[in-house]
Amino acid sequence: MANEMEFRTCPITGKKVYATTQNLMWINAVTAVVFILIGGIMALLVALTRWPAVHLLSPEWFYKALTAHGLNMLIFWIIFFEVAGLYFGSSVVLNSRLAAPKVAWLAYILMLVGSILVDVMVFTDNATVMFSSYVPLQAHPLYYLGIILFAVGALTACGIFFGTLAIAKADKTYEGSLPLFTFGLSAAAIIAVFTLACGAIIYIPTFLWSLGVIKNLDPAMYRLLFWGLGHSSQQINVTAMVSIWYLLGALTVGAKPVNEKICRTAFVLYILFINLASEHHLLTDPTLSPAHKVFNTSYFLYLAVLASMIHALAIPMAVEVAQRKKGYTKGLFEWLTKAPWGEPGFPAMIFSLLIFGFIGGITGVVYGTEQLSIKSHNTWAMTGHFHATVVGGTTLAFMGLTYYVIPLIFRREIIGKKWASAQPYVYAAGMILLILGMAGAGTLGSPRRHWDVTFADSIIPFSFDPTVLLFTTIAALGGILAAVGGAMYVGVSVLSVFLGRKLAPNEAKLVY
Amino acid sequence: MPITSPETYWWKPADKQEKIWITVAIIWCLILFTMMPLWHFVGGQNPSVEPMKIRPDDFEKVASAFIEKYKVGEEAGIPVVKPPDGADVYLKGQMWNWVPILELKKGVNYKFHISSVDLMHGFGLQPLNMNFQIVPGHDNILNLTPSTSGTFHIICNEFCGVGHHTMVGKIVVKD
Amino acid sequence: MKEEGKISRWQVFYDDISMLFVLGVVIPTIFYVIWGVMELANAPTAVITGP
Chain A
4 MANEMEFRTC
14 PITGKKVYAT
24 TQNLMWINAV
34 TAVVFILIGG
44 IMALLVALTR
54 WPAVHLLSPE
64 WFYKALTAHG
74 LNMLIFWIIF
84 FEVAGLYFGS
94 SVVLNSRLAA
104 PKVAWLAYIL
114 MLVGSILVDV
124 MVFTDNATVM
134 FSSYVPLQAH
144 PLYYLGIILF
154 AVGALTACGI
164 FFGTLAIAKA
174 DKTYEGSLPL
184 FTFGLSAAAI
194 IAVFTLACGA
204 IIYIPTFLWS
214 LGVIKNLDPA
224 MYRLLFWGLG
234 HSSQQINVTA
244 MVSIWYLLGA
254 LTVGAKPVNE
264 KICRTAFVLY
274 ILFINLASEH
284 HLLTDPTLSP
294 AHKVFNTSYF
304 LYLAVLASMI
314 HALAIPMAVE
324 VAQRKKGYTK
334 GLFEWLTKAP
344 WGEPGFPAMI
354 FSLLIFGFIG
364 GITGVVYGTE
374 QLSIKSHNTW
384 AMTGHFHATV
394 VGGTTLAFMG
404 LTYYVIPLIF
414 RREIIGKKWA
424 SAQPYVYAAG
434 MILLILGMAG
444 AGTLGSPRRH
454 WDVTFADSII
464 PFSFDPTVLL
474 FTTIAALGGI
484 LAAVGGAMYV
494 GVSVLSVFLG
504 RKLAPNEAKL
514 VY
Chain B
639 MPITSPETYW
649 WKPADKQEKI
659 WITVAIIWCL
669 ILFTMMPLWH
679 FVGGQNPSVE
689 PMKIRPDDFE
699 KVASAFIEKY
709 KVGEEAGIPV
719 VKPPDGADVY
729 LKGQMWNWVP
739 ILELKKGVNY
749 KFHISSVDLM
759 HGFGLQPLNM
769 NFQIVPGHDN
779 ILNLTPSTSG
789 TFHIICNEFC
799 GVGHHTMVGK
809 IVVKD
Chain C
343 MKEEGKISRW
353 QVFYDDISML
363 FVLGVVIPTI
373 FYVIWGVMEL
383 ANAPTAVITG
393 P
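Protein chains in written order, with the numbering used here: chain A, 4 to 515; chain B, 639 to 813; chain C, 343 to 393.
Same shape as in the complex, but just chain A (with noise of 0.2 Å):
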């Protein structure tokens, strides 16, 4: 193990790397991927099943494959690139050594065995039960384990993150406030801290379940409490995508925060109220009272509703500001037809802006009302939303992020710049056909985690309109297109961090 006072300094942005750090962040992200790789062949395989021309797997293996899909995306691969941000937006970003390298090391180690545990059970038939594994469908205990130990290193993470933003502050390694990036993320493991304590609170008694030591579980109880940990942990990756944003902007055109004040007011908010939005997968649900569905699911007020819309002037304004002072003056948009669109990052993190925004944001809302939940509740169309939000939205971002992340903190050179390059639009392209598809089929009915919508084998017959499945094929087209997108990313990356030139001490370039 590296010394835990060993540094180097950026040569681009003057920050120190402590080595500790960079192991750590390196190991992390480096799961990361695997975990990518793994949820995207499933995601491949779910797609070409749920194309009725193809219709590929068994109902067993689809199930089995949707299970897994959503766990190594939703969980593995966003949670252990999080806590990878989360280290470099404290020790990184704030110059400062990190707080317990050693326990941030069993932090991972746990969250790594919770993972295998949990892929295992999934892939032996132990757990075929879907990301939301609904009481009283009962997979191994293992698989409960599995969870709670991922939670537990996940919070260790946390912790490590709150622990350093400590140590700063006593060091004095900055002056003032926190960086508007390091703030967002701190937003953003606040955010983590409930949904991690919801997770245990509820997969502990699970688990328990599982073991036959609890008898009965109430299964609205465990929705309730299921949906703090399995939505809030998306309000997670909103936040950090969002500070991402702000960091992409700053990496690719110089972009800086117009006004301090909105842009963190705007994350407020999110620690404030974001989290009440659990409430909108249980809009049809029995039981609950229509005073609590309608105050938890409009975020109070939709006050988190109104952070997303700052950001969304907040950013793009920032960008313009920036582009503008290089001299892109000319008529209303030189500055974004000017912007360096070769360059991996801006396109990532516009369409990512794009996607989640217009498509994600929107729909979530739509969706999110008492009202239409009625018409969207276990459609397809949900399907799409998520899609938007942490696929076109989180994940882009985060594949974008990957490309400064390489050279510039694992010391690494590009290999494939030019698929690098690519690979943001392919991605965008086919994420933007997936959700449609899905939001189309979906708005006629089309059910999600379905592995025939022709119901070929029901006793009692029926179809849809086929304008259904025309969105289906529309929706698989646009999935095997971001499947390839998603392996540009992998093999980008993983040829980079592995095969890549070693970089010297002071070389590194941040422009393509």
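Accuracy of the hints is not assured; some may be wrong.
Dumping the calculated DSS-like pairs for lysine-lysine here, alpha-carbon to alpha-carbon at most 30 Å [claimed, not checked]:
hint: 1; chain 1: B; residue 1: K654; chain 2: C; residue 2: K348
hint: 2; chain 1: B; residue 1: K654; chain 2: A; residue 2: K333
hint: 3; chain 1: A; residue 1: K341; chain 2: B; residue 2: K657
hint: 4; chain 1: A; residue 1: K328; chain 2: B; residue 2: K650
hint: 5; chain 1: B; residue 1: K657; chain 2: A; residue 2: K333
hint: 6; chain 1: A; residue 1: K18; chain 2: A; residue 2: K264
hint: 7; chain 1: B; residue 1: K744; chain 2: B; residue 2: K707
hint: 8; chain 1: A; residue 1: K378; chain 2: B; residue 2: K743
hint: 9; chain 1: A; residue 1: K18; chain 2: B; residue 2: K650
hint: 10; chain 1: B; residue 1: K657; chain 2: C; residue 2: K348
hint: 11; chain 1: B; residue 1: K657; chain 2: A; residue 2: K259
hint: 12; chain 1: A; residue 1: K329; chain 2: B; residue 2: K650
Simulated from the structure, these hints should not be mistaken for lab results.
Starting from the known structure of chain A, arrange chains B and C on it as the hints suggest.
Frame of chain A, contents of chains B and C only:
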């Protein structure tokens, strides 16, 4: 830069453009918020929730009694039931059927009790595309008045095991 | 509005991560978790009579 600390005093008034944007956004948020309870309580667009737990075996009992009492036939092994006007209707979700098949009259109000006797199910009424979560142990009570005649299907849209995709039920509405 | 030499109280509040942490955990715990758990726990159970 977002990765460096801001200047000492960063609490500064917003620009005019920022103020306009935020004001419009706040107004829009308040309109959205106001409309949700209005559609519920004034517009009648949502079922008013009647909280009621029911043990799965109890639900099985009442549903069976209901089926026995009003059964008029059988289709593909599933009982066809024609409840009298205004009756309480029991619809049971189980792996992997919706039982029974219902024959209803147009324009008559029925009080539906939908629950599950095993896993979670998803009630998806097609082609209207109206969806409700069906939770074992809880009675999802819906007051329904069919306003058009014809055949409607209920699919299951919550994963309930390997036969999930075959789970289809039926409601026939007659004039 | 800031005066020279005095940092706005809002700025101090935003810099106080531990206070934001407490609020960020307490608000959803009260409004989402506790309120929801109470409703579910207090729902009546149907009493079935007869056969």
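| said: Hint compliance check: list the failing hint numbers for this structure, sorted ascending. | reply: As far as the earlier hints go, not one is violated by this structure.
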